[in-house]
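*Asks:* Sequence:
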Amino acid sequence: MKMEEPRGIVTVTPPRKILRNALAIHDEIDGVECAEVSNLSLLAPPSELFQDELKAILQVESQHYKPPLNYFEFDGCRSGVNENWRRRLCEWMFEVTDHYDFDREVVSFAFDYLDRSISLAYGPTSNKNLSKKDYQLYAVTSLYLAMKVHGEMDSDVDGKRIKLRISAFQELSRGCFTTETIAAKELELLTLFKWHINPPTCARCIFSFLRLLPTWSSMEWDIPREDVVCQIFDVAKYLTELSIFVSDFSFSYSPSMISYSAILCALDYVEESIKPMPFETKIRFLVSIRQISNAFFPESEDVRKLQVMLRKLAPKMFLKLHKYHQLPRTVSLNDVDPANSVLGKTSRSISPIVLGGDEPKTKRQKV
Numbered sequence: 001m002k003m004e005e006p007r008g009i010v011t012v013t014p015p016r017k018i019l020r021n022a023l024a025i026h027d028e029i030d031g032v033e034c035a036e037v038s039n040l041s042l043l044a045p046p047s048e049l050f051q052d053e054l055k056a057i058l059q060v061e062s063q064h065y066k067p068p069l070n071y072f073e074f075d076g077c078r079s080g081v082n083e084n085w086r087r088r089l090c091e092w093m094f095e096v097t098d099h100y101d102f103d104r105e106v107v108s109f110a111f112d113y114l115d116r117s118i119s120l121a122y123g124p125t126s127n128k129n130l131s132k133k134d135y136q137l138y139a140v141t142s143l144y145l146a147m148k149v150h151g152e153m154d155s156d157v158d159g160k161r162i163k164l165r166i167s168a169f170q171e172l173s174r175g176c177f178t179t180e181t182i183a184a185k186e187l188e189l190l191t192l193f194k195w196h197i198n199p200p201t202c203a204r205c206i207f208s209f210l211r212l213l214p215t216w217s218s219m220e221w222d223i224p225r226e227d228v229v230c231q232i233f234d235v236a237k238y239l240t241e242l243s244i245f246v247s248d249f250s251f252s253y254s255p256s257m258i259s260y261s262a263i264l265c266a267l268d269y270v271e272e273s274i275k276p277m278p279f280e281t282k283i284r285f286l287v288s289i290r291q292i293s294n295a296f297f298p299e300s301e302d303v304r305k306l307q308v309m310l311r312k313l314a315p316k317m318f319l320k321l322h323k324y325h326q327l328p329r330t331v332s333l334n335d336v337d338p339a340n341s342v343l344g345k346t347s348r349s350i351s352p353i354v355l356g357g358d359e360p361k362t363k364r365q366k367v
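In terms of the working numbering, the sequence shown opens at residue 1 and continues consecutively.
I should point out that these hints are in silico values taken from the structure, not numbers from a laboratory.
Computed from a prediction, not measured in an experiment: that's the story for all the values here.
The beta carbon of each residue, even a glycine, is placed where N, CA and C say it ideally should be.
One should not assume that every hint holds.
As the list claims (entries may be wrong) - Label-pair restraints from in silico Cβ distances:
(1) Ser300 to Pro224: 47 to 53 angstroms
(2) Lys55 to Ala184: 35 to 41 angstroms
(3) Ser218 to Val308: 32 to 38 angstroms
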């Protein structure tokens with residue numbers, strides 16, 4: 001069934017656009033002194049401020065957002081969920097997010113909530129059993145909470161947040177879950193998390209890493225920095241979006257480590273698409289990141305393994321390229337390479353939440 005077109009579409013500025021806008025300013029202004037520092041922050045050479053900001057993100061990540069335990073190995077979860085079901089939920093979340101025109105980063109938040117909540121609620125010491133319906137409820141609530149907390153801001157309505165009302169998620173579940181049930185589960189999640197609901201996502205980590213990318217002169221490299229930075233961001237973010245579909249990333253690695261590895265893959269991709277970045281510039285960039293933490297080292301075992309895993313998600317991207325390839329917008333690994341999907345054929349014709357019939361004609365509300 002065809003869902004009603006979303007109304008009240010908002011205009012947001014994603015990190016990629018912020019990058020491009022900031023970089024464009026540099027071409028119009030002679031000297032940093034005559035421009036606002038905030039507008040040129042992405043252009044400036046690595047500073048202590050940017051490094052301190054990244055250190056703070058990594059500290060919060062290590063203290064409150066460590067990778068969750070692999071709940072597929074829990075005795076109480078084996079009968080209710082598996083990798084296929086998790087992947088179908090991921091596809092569903094991307095479809096809902098795209099339909100209502102939210103930023104796709106919302107799915108990163110939602111899956112952080114989903115994986116952490118199941119890991120905490122059904123851990124090794126728990127005697128509870130997780131059913132498919134319970135898993136669906138956790139997924140619906142996680143997406144609701146992510147949209148509620150990290151939804152877009154509509155500048156045309158005095159900064160009021162645009163979100164889906166809780167009743168919309170009752171409709172999305174075709175009445176399987178009432179608003180009272182979803183609200184109760186939301187409170188349970190917040191209690192489990194001790195209200196830590198602002199995890200560093202891969203998109204935010206990529207953005208922070210790229211602020212450390214040095215500038216270069218046209219004599220060093222004739223490719224505009226604006227194009228290079230935006231391409232690196234696009235490719236790295238695309239790979240990290242695909243990584244959400246595979247639980248091994250979530251259970252084994254932090255978003256910062258995944259992001260760093262994705263940037264290395266993106267550097268290779270961009271260099272194959274255009275031409276190699278000046279060696280000195282690349283080394284300065286990698287050294288500035290390693291000064292933050294010795295964990296970020298291209299030769300480390302985790303980084304090497306992650307790069308292999310990320311490349312396997314979209315192997316066609318890393319063939320020899322003579323020009324920059326436009327990245328597809330996907331809600332399924334099947335859209336990238338059918339061989340990667342354990343499902344064989346796409347499962348998006350059957351929603352893991354709405355198991356038949358028409359999708360609800362829900363619209364976003366201004367609140």
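*Asks:* If a hint holds in the structure, say so; if it does not, say that too.
*Replies:* Results of checking the hints against the structure:
Against the hinted window of 47 to 53 angstroms, the Cβ-Cβ separation of Ser300 and Pro224 comes to about 32 angstroms, which falls outside the hint. For the hinted restraint 35 to 41 angstroms between Lys55 and Ala184, the CB-CB distance of approximately 38 angstroms keeps it satisfied. For the pair Ser218 and Val308, the beta carbons lie near 35 angstroms from each other, so the given range of 32 to 38 angstroms is met.
Hint violations for this structure: number 1 only, all remaining hints satisfied.
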